[in-house]
Amino acid sequence: MNPVFYILVTLFLTSVIWSVIFLMSWFTLGKKQYAMLWTIAFALSACQWATILAEPLFDSHTLYWMLGSSFSVGSVLLGTWGHCIRVNSSIKIRYLIISAIVTLAAVYYFTAINVHVGLFMSLYVYYDVILLILSAVIIFRHKQKSLPAEIGASITYTLCGLLLFVAASIALLQGSQVNEEYIALYTLINFMTVPAAHVGMAVFIIFIMASDLAEKMNHLAMTDVLTGCLNRRGFYNKSQEQLKDKLNLLGYR
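Oh and the sequence shown: position 97 is 84 in the working numbering, straight run, nothing missing.
Watch out, some of these pointers could steer you wrong.
As the list claims (entries may be wrong) - As a list, the in silico DSSO-like pairs of lysine-lysine whose alpha-carbon atoms are at most 27 Å apart:
(1) 203 to 130
(2) 203 to 19
(3) 231 to 132
(4) 132 to 79
(5) 79 to 19
(6) 19 to 130
(7) 231 to 130
(8) 203 to 18
(9) 203 to 231
(10) 130 to 18
As the list claims (entries may be wrong) - Here are the in silico distance ranges between beta carbons for each label pair:
(11) 78 to 203: 22 to 30 Å
(12) 170 to 204: 46 to 54 Å
(13) 130 to 167: 42 to 50 Å
(14) 198 to 20: 12 to 20 Å
(15) 172 to 227: 50 to 58 Å
(16) 72 to 42: 31 to 39 Å
(17) 170 to 41: 14 to 22 Å
(18) 231 to 129: 22 to 30 Å
(19) -9 to 113: 18 to 26 Å
(20) 227 to 198: 18 to 26 Å
(21) 227 to 160: 35 to 43 Å
(22) 16 to 163: 28 to 36 Å
(23) 48 to 210: 53 to 61 Å
By construction, these hints were calculated from the structure, which means they are not laboratory data.
For glycine and all other residues, C-beta sits at the position ideal for the given N, C-alpha and C.
Work out the full structure, taking the sequences as your base and the hints as a guide.
This is how it looks when you write it as structure tokens:
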């Protein structure tokens, strides 16, 4: 069989596994809304890979492309939404939803009505790129000192976004008609980028959730449950930090 088939099967299965993992995280970590959004995001990703695997079964290429692009946009949108909720971002989600609807409407138009291969192959990917870069910025900037997992996630999202931007630009260069050379290059970049990025983003999201839980546990260990004030351990650690900062300012190491 074509090696691409095995890659697609792997992507489908890993998406299902990640979706189950995030659903378990939703149950065990206090039913956080962003965990549920990431669960649905990876479920939609699994639907996207399943659609690509089932391409020979579609009588209409138009329906196939509409479904695939919709699952892709929905997956990235929900992933970004989850990051916005996690950090209490001021970004209005309705604007992201409206832009997703406009993007998909344009993809549908250039797929079914005024066929333009370059546009229907690239528009939804450009939208995904914007959301990936936005997610990277949201993750990295919500704290003065980002957690290692957040830095790793930001880098992964950014690299994935940049490589997908290249792939989308190659697809756009085809113009209105299919160009086999561009299609081959587009496919090559996608299948070099997407599997690693897909796994990398999921792993770093898990690390972020684990880091959030560790911070929460550390806060509980350092404060009084009733008053929220520092307890003995918290006061000692805070005083040590303050003393170290003062000594550094005075030139002592």
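Could you work out which of the previously given hints the structure breaks and list their numbers from low to high? Numbers 21, 22 - these are the hints that the structure violates, sorted from lowest upward.
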